[in-house]
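From first to last, the protein sequence lines stand for chains G and S. With numbering that gives the first Met the number 0 applied, the first sequence covers 0 to 385. With numbering that gives the first Met the number 0 applied, the second sequence covers 0 to 478.
In short, the hints are calculated from the structure, not lab data. Hints are supplied without guarantee of correctness; some may be wrong.
The following label-pair restraints were derived from C-beta to C-beta distances [claimed, not checked]:
1. G:GLN61 <-> S:GLY464: 49 to 55 Å
2. S:LEU1 <-> G:LEU78: 29 to 35 Å
3. S:SER9 <-> G:LYS44: 33 to 39 Å
4. S:SER98 <-> G:LEU78: 46 to 52 Å
5. G:SER89 <-> S:LYS419: 36 to 42 Å
6. S:LYS38 <-> G:SER89: 27 to 33 Å
7. G:GLN36 <-> S:LYS429: 36 to 42 Å
8. G:LEU78 <-> S:ASN448: 30 to 36 Å
Just so it is clear, CB atoms sit at the ideal spot from N, CA and C, and this is done for glycine as well.
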Amino acid sequence: MKTVAVIFGGRSTEHDISILTAISSIIKPLELTGEYQVEPVYISKTGEWFWDEKLKDIQLYQSGDIELFMQKAPKVHLLFEGGLVLVKSSQFAGRKMYRKIDVVFPAMHGTHGEDGELMGILEMANVAYVGCGVAASAIAMDKVLAKQVTMSSGIYSTPWIWFYADDLATKHKKILEDIKQLKYPLFVKPAHLGSSIGITRVEEPSQLMNALEVASHYDDKVIVEQGVQNLIEVTLPIIGNNEPKPALLEQPLTKPEDFFDFETKYMRGGKKGKSGGKSGAQGYSKIPADLPHELYKIAEKTALDVYKAVHCEGIARVDLLIDSKTQKVYFNEINPLPGGLYAHNWQQAGMAPVQLVSELIRYAEERFSRAQSKNTAFTTNYLKQF
Amino acid sequence: MLKGIVSLYSPSFAKSIIYMLQSTEYQVGQYLKWFWRTKDFSQVAHRRELDKTRRARLLLFLLGAGMGFQAGVGLACITLGMLGSMIGGVQLGFALLISYPVVWAHLIVVPLELARQLVVKPKERQLIARSRHIFGETKAIKIAVAGSYGKTTMKELLATVLSAGKKVAATPGNKNVSVSHAAFAARLVGDEEVLIIEYGEGQPGDVRKYAEYTTPDIGVITGVAPAHLDKYKTLEAAAKDIFDLAEYLQVKPVYVNAESPAAKLLIKDRYQTYSVAGIDGWKVSDVKQTIHGLTFRMTKGKKVLKLKSGLLGRHLVGPLACVAALADSLGLTPQQIEQGVSNTKPYEHRMAPYAIRGAWIIDDTYNGNLEGVRAGLSLLTELDAKRKIYVTPGLVEQGAKSAEIHAEIGKLIAVAKPDKVVLMNNSATKHIHTALLQAGYAGDIQTENDPLAFYTNLDQIVANGDLVLMQNDWTDNYA
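Using the sequences provided together with the hints, build the complete structure.
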């Protein structure tokens, strides 16, 4: 039986979402396959690592007992010895417990995890892992970089500008001048955060400065995007390596004047201000999106092009904006680890959660195996000349 | 081995014992068999958890108190022995201390058996004696339903359809032994026009006993298949017991399912037979099956019935036709019969469809015989789906024929060609698995060690477009 380490939590504003993704959407279906020994690895909000069977229980976090657990439990060390080995004190006679990991399943959202940092550690450990690699994760999690990369592949985005948060204090006139090129409404976003954290929809210039300050508070880069008229917002979950496979285009049921902030997506159970929807991010959308066949195909192709342009592997979700009158499709964002793996969409597309996690493990092993076949050594006489 | 011994002394041991008693419906013989077969008492509850009823709580208290008392006495003997105040105290104390779980696991059945012999059985005998004359005196038409399978469904169909034109009473749920019949009789108001009584055969002589007691006017035999073979030993013995109903009725009407191969052999000319082709001059045509139910026509001379039922499975066309014909013979109008049949819907855990995440699940877990497996797999073959999954733990109570019957199930599954087969790990699994492979089944075979986790997490296992047929149940008291 292969051992899979699921790493979640972390120093991110999306810490709690990560816990839910890990326990409900990854650990549970992985265990139901009966094919994997699953080891939960939790990273606290302050960055300590823990590894314990108890970490699979959602009630540990819901009850707040996680704080007590962290006070008593030994922290985890990583050993890079022929791959990745988890090490912790057994708390018995000074002995240590070791667990060799075959595959890592990152379940981190946001900073210090989804953005490529964790992937860098895993690359160094030379262990197979699920999802996008270092570069794709870093690009995808930087909205500015993602737009620059996709633009270079001929994929349209709505007009946008960006600036460093530090410049807001010293160069705000220049920033405001640049923004004047864009038509209202605008969307002001921290460049690296997901789950709609720190995003403001700006209807008129009087609201702009406040929105810029909010975004600057969260991130060192801020992006300002022009809104799309006659908007249809869609998102497409994709899995795969060289031959990406799409799920179904999903359409959030919002009016153009609404947008999904964190509260709406995860706390209220659906459309902002309305009750009665399903809880969580799954209760507010239409699957498949209600689009004419041709437009559906264009949007699907655009999302797949984005996935390839950013060189995503394993899993990602591409968000698109469509002008329903002009039928023009714009790239909005790419998310290298969608919350809950977007399993609800895959399930609608005919892939059960247990199949989804198994497929993702298979993609991880396939990429790892491919990487192992590459030559990383090159013999030279360079040192001998000194 | 060591884990098993340690489990005898774990705090959860008492709970496991009461769980075992409850799961065997407090049948002492079955419970003791299970107890002696069990090697690890920390792992007995796989299918459900202890239902903390009043009886369970009382037994749990008695067991805990008894074990605590014996352990206390044991410790006292050891202490006295070590102080020199009791000769052999240490040895006796250790013996008491070591043996308390096993001793009390047996002693706990004493109050149960005493209550059964001194309270329950005399009460039941009284109830049966009182109700015997109710069945004898009633003016209602009494329809008895017997068979190895499908009898609860037939009883419910009769009750539903005949209720469209008659005042009907039927034995509730799957309550089908003498004491249930007596309780049913005691609840009758007296104005009923039709009584439907289900006979649950369990051992030779049962059906004759029920017939003599309830004195039916009409009999329906739903089929014969291997069931309760641990008591009947052979299929022939089970068939003879079921057909005792027909022998009792002599010239009175008897309806027999002609689609049951084992029943067919015992059919006599005077019996009415029913099947998908029809019954008693009624011809069945235009049968259509979807996940939402069955539709078909019945014609006899100028009489036409256009029937629509929420039930699933072509094997139910015959029983529905039988009920429609019987309703006609009892004077219901065609409109009443059509209305009655349209009221028929799947019963809980019997070919009952429900949707999860865009997948259709057909719950047939109450099915416990080979004919039911055959019918279910036939339905699975007929319905369209992106992916078909068949789930079975196998059939319990198959006696010496278990290996043969489960091999047959394996062959039937291979013919139905589901994309995936999920088996529950037990003594039947290897027979199904081997037969599947021998029959050339090329799909995915998954063996589950934790049935409860599987059944409660179906939402993680299915996807839109899947069709899952779950048949049979394997409770924890079977190995």
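Hint by hint, here is what the structure shows:
| no. | hint | in the structure |
| --- | --- | --- |
| 1 | G:GLN61 <-> S:GLY464: 49 to 55 Å | violated, 34 Å |
| 2 | S:LEU1 <-> G:LEU78: 29 to 35 Å | holds, 32 Å |
| 3 | S:SER9 <-> G:LYS44: 33 to 39 Å | holds, 37 Å |
| 4 | S:SER98 <-> G:LEU78: 46 to 52 Å | holds, 49 Å |
| 5 | G:SER89 <-> S:LYS419: 36 to 42 Å | holds, 40 Å |
| 6 | S:LYS38 <-> G:SER89: 27 to 33 Å | holds, 29 Å |
| 7 | G:GLN36 <-> S:LYS429: 36 to 42 Å | violated, 25 Å |
| 8 | G:LEU78 <-> S:ASN448: 30 to 36 Å | holds, 32 Å |
Of the hints listed earlier, those the structure fails to meet are numbers 1, 7, in rising order.
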